[in-house]
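Student: Take a look at the letters that make up each chain.
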Amino acid sequence: MQLDNLYQEVILDHYKNPQNKVLASDNDAQVHHVNPSCGDEVTLGVKLDGDKIASINWDGVGCSISQASTSIMSDLLIGKSLDEATAISEDFLHLMQSKGSEEGNPDVLEDAVALAGVSKYPARIKCALLGWMAFKDASVQAHSKEEK
Amino acid sequence: MQLDNLYQEVILDHYKNPQNKVLASDNDAQVHHVNPSCGDEVTLGVKLDGDKIASINWDGVGCSISQASTSIMSDLLIGKSLDEATAISEDFLHLMQSKGSEEGNPDVLEDAVALAGVSKYPARIKCALLGWMAFKDASVQAHSKEEK
Amino acid sequence: MSFDPVALRRDFPIFDRTIRDGRRLVYLDSGATSQKPQAVMDAEIDFYRHHNAAVHRGAHQLAEEATDIYEGARLTVAEFLNAEEDEVIFTKSATESLNLVAYAMGNAKVGNRFHLTAGDGIVVTEMEHHANLIPWQQLAERTGALLTWFEVTPEGRLDLSNINSVINEKTKVVALTHQSNVLGTINPLEAIVKRAHEVGAVVVLDACQSVPHMAVDVKALDIDFLAFSGHKALGPTGVGVFWGRGSLLEELPPFLTGGSMIENVTMTGATWAPAPRKFEAGVPNMAQAAGLAAALKYLNAVGLENIHNHEIELTTYLLNKFADIENLRIVGPNNIESRGGSISFTFGDIHPHDLGQFLDSQGIAVRTGHHCAWPLNRKMGVPATTRASLYLYNTHEDCDALVQGILDAEKYFGR
Amino acid sequence: MSFDPVALRRDFPIFDRTIRDGRRLVYLDSGATSQKPQAVMDAEIDFYRHHNAAVHRGAHQLAEEATDIYEGARLTVAEFLNAEEDEVIFTKSATESLNLVAYAMGNAKVGNRFHLTAGDGIVVTEMEHHANLIPWQQLAERTGALLTWFEVTPEGRLDLSNINSVINEKTKVVALTHQSNVLGTINPLEAIVKRAHEVGAVVVLDACQSVPHMAVDVKALDIDFLAFSGHKALGPTGVGVFWGRGSLLEELPPFLTGGSMIENVTMTGATWAPAPRKFEAGVPNMAQAAGLAAALKYLNAVGLENIHNHEIELTTYLLNKFADIENLRIVGPNNIESRGGSISFTFGDIHPHDLGQFLDSQGIAVRTGHHCAWPLNRKMGVPATTRASLYLYNTHEDCDALVQGILDAEKYFGR
Ligand SMILES: Cc1ncc(COP(=O)(O)O)c(C=O)c1O
Ligand SMILES: Cc1ncc(COP(=O)(O)O)c(C=O)c1O
Chain A
1 MQLDNLYQEV
11 ILDHYKNPQN
21 KVLASDNDAQ
31 VHHVNPSCGD
41 EVTLGVKLDG
51 DKIASINWDG
61 VGCSISQAST
71 SIMSDLLIGK
81 SLDEATAISE
91 DFLHLMQSKG
101 SEEGNPDVLE
111 DAVALAGVSK
121 YPARIKCALL
131 GWMAFKDASV
141 QAHSKEEK
Chain B
1 MQLDNLYQEV
11 ILDHYKNPQN
21 KVLASDNDAQ
31 VHHVNPSCGD
41 EVTLGVKLDG
51 DKIASINWDG
61 VGCSISQAST
71 SIMSDLLIGK
81 SLDEATAISE
91 DFLHLMQSKG
101 SEEGNPDVLE
111 DAVALAGVSK
121 YPARIKCALL
131 GWMAFKDASV
141 QAHSKEEK
Chain C
1 MSFDPVALRR
11 DFPIFDRTIR
21 DGRRLVYLDS
31 GATSQKPQAV
41 MDAEIDFYRH
51 HNAAVHRGAH
61 QLAEEATDIY
71 EGARLTVAEF
81 LNAEEDEVIF
91 TKSATESLNL
101 VAYAMGNAKV
111 GNRFHLTAGD
121 GIVVTEMEHH
131 ANLIPWQQLA
141 ERTGALLTWF
151 EVTPEGRLDL
161 SNINSVINEK
171 TKVVALTHQS
181 NVLGTINPLE
191 AIVKRAHEVG
201 AVVVLDACQS
211 VPHMAVDVKA
221 LDIDFLAFSG
231 HKALGPTGVG
241 VFWGRGSLLE
251 ELPPFLTGGS
261 MIENVTMTGA
271 TWAPAPRKFE
281 AGVPNMAQAA
291 GLAAALKYLN
301 AVGLENIHNH
311 EIELTTYLLN
321 KFADIENLRI
331 VGPNNIESRG
341 GSISFTFGDI
351 HPHDLGQFLD
361 SQGIAVRTGH
371 HCAWPLNRKM
381 GVPATTRASL
391 YLYNTHEDCD
401 ALVQGILDAE
411 KYFGR
Chain D
1 MSFDPVALRR
11 DFPIFDRTIR
21 DGRRLVYLDS
31 GATSQKPQAV
41 MDAEIDFYRH
51 HNAAVHRGAH
61 QLAEEATDIY
71 EGARLTVAEF
81 LNAEEDEVIF
91 TKSATESLNL
101 VAYAMGNAKV
111 GNRFHLTAGD
121 GIVVTEMEHH
131 ANLIPWQQLA
141 ERTGALLTWF
151 EVTPEGRLDL
161 SNINSVINEK
171 TKVVALTHQS
181 NVLGTINPLE
191 AIVKRAHEVG
201 AVVVLDACQS
211 VPHMAVDVKA
221 LDIDFLAFSG
231 HKALGPTGVG
241 VFWGRGSLLE
251 ELPPFLTGGS
261 MIENVTMTGA
271 TWAPAPRKFE
281 AGVPNMAQAA
291 GLAAALKYLN
301 AVGLENIHNH
311 EIELTTYLLN
321 KFADIENLRI
331 VGPNNIESRG
341 GSISFTFGDI
351 HPHDLGQFLD
361 SQGIAVRTGH
371 HCAWPLNRKM
381 GVPATTRASL
391 YLYNTHEDCD
401 ALVQGILDAE
411 KYFGR
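Protein chains in written order, with the numbering used here: chain A, 1 to 148; chain B, 1 to 148; chain C, 1 to 415; chain D, 1 to 415.
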């Protein structure tokens, strides 16, 4: 079934067992993002250790795609440098915009390649990007705070 | 030619030689009406003698239909009682709304039956009614002034 | 004429197409927008092919014909609502209609009955669509008026227990929906209208979800203003209706200004034509007005009572089926009393987006999310719902497909 | 491709019909509204037949397709204007677009760059269409800002001699037409835009009469906001465009509020989505946006330069013929320098209404009256004019028919 491209096993697993889904109280920055067309929400915190991402933690309500994508993202980016995280995020954004023409590089995106199928469902791309956008926002805030 | 129904000789005559087209200074009421869709304007004064219309005088710019209709109306209604004038005006309004199905009663409307053809040209009905509406307005004002 | 939705479907060309890998289209999203019968498309095209010209503006034959069609459409709408011709204003949508009345009130100067100041009250309800909520929030903010609202009960009904304090001597406007686009609830207008008029307030009815589905008679309802969208009533996109009581339209200031709505214009000011012109600035959506008239004629030919009965039957059928599905929670009244064919629900822990996506893979179109009624969703304690909304072309087969789809989704996501 | 208006006419079904007793349709009223090629009707119908659903609101296939078409239309408009996609907003008409920017500025609070107060200046011109005049009068009235204007010379050109005092340090907005719908004058924008930006004012361009007739590049013109109507550019009725510079749209408050334009909503307040969504409340005019995209593609395929050249040729031809008619006075520039194909005139003492009616009897559609530019008419000393306006489907034969019609009218009314 075509739909199986969208709902890969990995996605449903992350949905049922989301990673890092407990908000910490000592974040350098914390943001709240919503998807206004459907009401999905995520609150996401970032803690840096110099240039390195020490923690990504979050809470939220939403569909399997938004929840799994946030979970996968947090797993993938914790421990990376800010530059690495930015590069990976750009790769992921590019994959989401590919309209099903790309599979994603598993060496870079790891589990996130499971979300490749989303790019064929335009209405769902925003779901997949919700957590990533929140991370981008929070990491910029955390970084600028550190610089001060 | 179909158009001759609209531009009857009588109309062009009144257009070239409009009757009562000199504003008097001693009117009981004077009004200014415009046709906002084309800019035609008429200023019209009424003088009453008790219940009788002693004078209708006017000035204005506009197309042959609006000018001729005002001229014909003034000729027709001067000397009539207010009630007679109202009845005639209603007859004329009815004729204008007849979409070409009626010819008008020459015993009542006299020269104004020449305007029957206008009813087939919806955009021109307002032209034909401009002076009549101004008269209605002015005569009501003049009458209520007299009553005081 | 006996009512036969299967026969009616043949008038709607979209049902000739298929969805995802050749599946039959089960369209259960008429609450968002309805499908269009061929007659509506024909009316739009006939206008463009044979009569296209700017109305009210030319003394040539095409302009005359265009004006006849456009004004004829106004008459059709007026008759449909049991209103007067000059009380019907064409807008682009219900959203514009509701903004029109809110902005126009904001334009009212001191002495005008619509002039609002701090201390005046505007009343809405917790079940309003954003289109009948935000314009009033904005008006309140601009004028200092106080926005208050009727609450919604857990069953999805308006709580009118405090009607006399919610609508009080300060209240100038009561704006509410006739039928909730989420809950399906049909609101009891009589008490509200009576109380509003008692305190001298006007009643603005958002009739988006009622006009397409049941006879709405503005005189019988005794309301003051009404808004609906053409596209939800089988009509074209890009056309809506704003209706107002004639005597009130006289006093209501204009909203959009520009050509064709004026009496006189100088460089420093302008005066207005009488309604409906006053509220229709610019070259109007003529072809869409023609299309809307065709849609209303189609609805009349089928019969609004037939349509209403059909929807009640299908809604009852679905509510019964839903009652048997474990973990399915209906958000809104779960009985047919004073409700229409919008059924919102949640289903276990399958998120509405995922359920909707699964249903789509089966050819079933529903809507998911907050349905532009976010405060209502919060009140009902659900971040989002799945909504099936019914119309004249839906069948028992469509309802069965939905039920089966829901059950299959459970299996799919439970794997 | 060589430009052949006779061949193009075949794309416009309306030319298959006849006027008054079987006469050929000579349509010289494109300044009011243009005729539509089949491709535009097909695009609207294709939307309804195959893809109709509410955009941005459903996770089902029809909604995806509808969104693709609608957003694709936005891209087409953006490319047509050399603008960015997110800068293009669909409205119902130019009238709405111009009201949008004027009302939105009125909504700006203290601190917002668009906030106007007493002492601030709004500049228009004496040749504005009511749609680009009255909204600014109203804004001035609401905010206390001062409305001033550029005058028009007897030749029908803007008098820019006092540009530095008309546009001064107080000026916040300069709103003007690109091409006059009465005079045909094309205004020199460079000096005005330069001066406006020098004092920190924004420039709002009414491009109703330019976008359909010549290439308009918002970046090259360096303007800030632009409005045009679809129906004058071969497109459907019921759709217009509002374009704004991206950075300015960020700061401009919304106008219509309701569904799909929000970020978050509670009972007491709301926040807004980024542009273009912020300015598109409600289910949009989707089929009409699709039709407009088809119209712009059609114009591109024919070539805007070809169209412009064709209009210049016909206008020159008519101006020359008119010069030979005694008692015919052209109201506007009587040479082809910086002017388009709108030619207004008076003829002896035959009133424009009568002339227009006579021409109509010959199958010739022109417009008569003040053309929604009443102050301009007064300034030019004419209560009304007759206007012939040309477009790509007009021919020398049409021009000859008009000239003959005018001469015959003289005989007819001289009888
Ligand atoms: C110069 C100009 N501006 C504005 C408008 C208003 O356009 P619309 O009536 O399509 O909104 C028109 C046309 O009527 C026009 O010619
Ligand atoms: C109850 C209700 N009110 C208002 C609207 C707004 O209608 P539109 O988006 O057509 O302007 C809708 C539909 O979206 C609705 O369901």
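Since the hints were made in silico from the structure, they are not lab data.
Among the hints, a few may not be true.
To be verified - Anything over 10 Å on all C-beta distances counts as not near chain B; from chain D, calculated:
#, residue
1, L75
2, G111
3, I186
4, S247
5, L248
6, H353
7, D354
8, D400
Claimed, not checked - Some chain D residues near chain C, calculated using beta-carbon distances under 8 Å:
#, residue
9, L62
10, K92
11, K194
12, G282
13, N309
We treat Cβ as the ideally placed atom computed from N, Cα and C, and that holds for glycine.
Student: Going back to the hint list, which numbers does this structure go against?
Tutor: The structure conflicts with hints 6, 7, 11, 13, although it agrees with all the remaining ones.
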